[in-house]
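The residues making up each chain are set out below.
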Amino acid sequence: MSAMLLQINDLITRFYTEDGVVNAVDDNSLYLNERETLGIVGESGSGKTVTALSVMGLIENPGRIEHGKILFKGQDLLGKSEKQMQEIRGKDIAMVFQDSLSSLNPTLTVGEQIGRVLRFHTKLSSKRIQHRVVELLKQVGIPEPEKRATNYPHEFSGGMRQRALIAMAISCNPALLILDEPTTALDVTIEAQIFELVNRLKEEFGMGTILITHDLAVVANSCNRVIIMYAGRIVEEALVDSLYERPLHPYTRGLLNSILRLEEETQGTLFSIPGEVPDLIDLPDGCNFSPRCRYANERCWQLDPQLEEIAPGRRAACLRVNDIDE
Amino acid sequence: MIDAAMNRDQLEETKLGMRPHRGLLEEFWHNFKRNKLSLVGGVIVVLFFILGFLAPLLTPCNPVKQFDALRGEHNPLPPLSRSKEGHLFLLGSDKFGRDILARALYGTRTLLELAVGAIAIAFVLGVFMGAVAGYTKGSWLDELIMRAVDIMLSFPTLVLAIALLGAFGIGKTHIGPIVLSNMVKIMVVIAITYSPRFARLMRGVVLQEMTEDYVAASKVAGASGGRIITREVFVNTMPPIMVQASLMMATTVLTSSSLSFLGLGLQPPRPSLGIMLNEARDFLFLGAWWYAIVPGVFISLVILGFNLLGDGLRDSLDPRQARRVQR
Amino acid sequence: MGTYILKRLLLAVPTLVVASMVIFLLIHIAPGGPVRVMLGPMQDEVLVAKLRHQLGLDLPLYQQYLRWAGKALHGDLGISVTIQRGASVMSLIVQRFSVTLEVAFLSIVVALLIAVSTGILSALRQNRLPDHIARVIALLGVSIPNFFLGIMLILLFGVYFLKPWGAGGFVPLRESIGGNLIRMLLPAIALGTAYSAIVMRMMRSAMLDVMGQDYVRTARAMGIGWASIVRKDIIKNALIPVVTVMGNAIGYLLGGSIVTETVFRLPGVGNLIITGVFRRDFPVIQGIVLTIVVVRIVVNLIVDLLYSYLDPRIRYGRGE
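Chains as they are written, first to last, in the numbering used here: chain A, 1 to 326; chain B, 1001 to 1327; chain C, 2001 to 2320.
You may find that some hints are simply not true.
Unchecked claim - Output of the computed footprint for chain C on chain B, the stretches with three or more beta carbons under 8 Å from beta carbons of chain C:
| id | segment |
| --- | --- |
| 1 | 1150-1159 |
| 2 | 1187-1195 |
| 3 | 1262-1270 |
| 4 | 1304-1311 |
FYI, nobody ran anything at the bench for these hints, they're computed from the structure. Owing to the predicted nature of the structure, the values given are computational and were not obtained by experimental measurement. Ideal Cβ placement from N, Cα and C applies to all residues, glycine included.
Let the sequences and hints guide you as you build the complete structure.
Here it is in structure tokens:
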């Protein structure tokens, strides 16, 4: 079995806003092994990105990490200084955000921006860095890499920019790669290409990967394990196949049902989970999901379910998990 | 170090479906009230308007009355001194023995009259031109108006005003049978100078509004062109225009007081804050600081008030600023 | 970038032409006609006719314009009629232009140095004490009219501190560099303060905008040091809109120098135009306004050039 790369214990991250306190990450624990790919799935506001930012140490005012341990290769990241974290970011742990036109500095060439990361984290000479940049661009599948390295971001298409961002992230061979909705803004065909690229890179470099997305379908192809988050809490955890085979949490079921399957007949209306994501400042009593859950009973409205181990590697936070059957 | 982008996104994601939806106007008013600076600005502006409006009531005496004047000029007296007849000069007297406070009050009145009049004319002219240009976007009319605006804007405001006044001359102007008082003339000159800015602004705002969904919906519903622009678009273009109007009041006051300082504005003996500053120059070395400080402070405060107000209004409109968080 | 510059140049020419037409027409909107105005009370009909012919005012309007414009292109801006009879307007302007230029130049240099550094500092220490102080000073700088500021400076340095250079006046450079520069100090401060405040506010707001951009987030996530981020991501991008403001505000400086020269009694072009207005010397007024407009247009072109150099999106146009 591979070693534990990342271990998050009892993480609590809060945002203190003018309107109230937001419990963005509400006492969550998770882990990632080397060479493993973990998918974190949830809607906007579920806390998935904040979790990643907490790992990266990029939570700033008005947010604060209140409690917990984040162990990376055995060391607690929360105890590290900003300077120490700067050395880790981009080098040992790298994060790729959703592309937008402004993810890259418009006044620097793409080559300069990737090169900057290398300059900060390695002692390579300028010449070697230049070569490496071209090499990286080639690896992520950008045609004419030498020419492209001297281009500015606005001369790249959306898909190419995303590849460039990935190139930046893997430039120093990080042990952990975090991808936050890498393809949400892209066409489906480009999306497929990007995932093919990521899978290939994972194989080649043996990175542990966390893939954050709201799209369960994407997770099926790329991940080993999946975590489902809702309103700041983890509500289910399983191996990918197990999850698809037998989802435990009502929310997970809802998500799976919302995916249109081409093979099956679709009769009647499209399925969507009724209701809206709750206001994180004003969470409902009892189970966070209860207002929208069709299995919710009296207990659910009153008691807050804890995340429990139902089977080895299988966790779910639902009071009725044993009662519900399809 | 505040990492705004990071947390802006997270904040947006984590605060969903919560606050009751506010309309633009309500949001605007709510933010405005919270912004201390703009309130201060508003108070200052209102205060000076009151001073100007009530000048005839508040004034200690007639602003052109010369106390102790034997022949022409004499030395200005400091604040809280008395004339030979016993009149108390609260803020001192000027070179003709006139009460500085009285002159300052009336000066404020005329300054504000001028500024409001000029901005009103500029507003009407500019907004009309801008709306027409925006609505007929791409047509020869649009091009014509915008070229004219560009050309007007290539003249610095003060220079243009000076040139126009240079052409029309100082004092009353006779154009055929029409007699324009000096004040009106200056108002018109300043209005001409500032209307291009309104025009350009209005056009930009109109164009932006036209791309909004509700305009397309209106068109689909069959509303005629005129209806679209006057009713819905107009209401939504007003907030940014109002912000600019306030800020332009500040520059208008600056320009008109500069003009009167240069001697191109209202002519003596009409009290004008700018002229007072001009006259004060000769008496600085005699120690008559009040002669310059009083009108200068009045002008500065008025401009400051409009600037604070305008800044505050602008910040209230900007949704990013509005969602500024504590800690 | 070449096409961009060419387009701006092409746009500038008709603007200049039409502006010159407007300036030309200035004379003719004077009620009663320019000649009567210039002659003042001596309204002898014969004299009026003679003067009209001499100044070419009996020709059709468009011909007059062409004559005037043609001469202007050769540097002949006419003859002064009341200020200094017979003297060429151009020579008067040239004589005094260096003074105006010197004050303007000094104001800009000092203003920009202060504005840019303060703006950057203010943004980096947002909402803390240095920021609040800077913003208050900037607000005052924008609100206090430059003539009042100039007078207050005179009061302070000339009257209370009894400095001889505090009262205004001018000493040519060839006479004494020190004497010249010290007398430029107060005018430069009076003129440059508002300009500085405008640029500083823009710099601060541009910096804050940029700090919220995604690429700053990307750089941070890659472990890039804050110093490098401030230099290469924040300031580099914030300068782009600031350069535009720097250019636009030159218009304010051009007008402001007229006032400043009056306050400090400097023999510059600004002073001259005021005298021209009082003495109804139209050629002088026209000549100076034309010069100012030309300067403005040229400055705008330079700013456009600078802008396109700083922003690769303009320089290299739309890619892919």
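Hints versus structure:
1. Residues of the segment 1150-1159 of chain B lying with their CB closer than 8 Å to a CB of chain C number 8, which satisfies the three-residue condition for coverage.
2. Chain C is given as covering the segment 1187-1195 of chain B, and this is violated because 0 residues of the stretch bring a CB closer than 8 Å to a CB of that chain, at least three being needed.
3. Given a C-beta distance limit of less than 8 Å, the hint that chain C covers the segment 1262-1270 of chain B holds, as 3 residues qualify and 3 suffice.
4. A stretch counts as covered by a chain when three or more of its residues have a beta carbon under 8 Å from one of that chain; for the segment 1304-1311 of chain B and chain C the count is 4, and the coverage holds.
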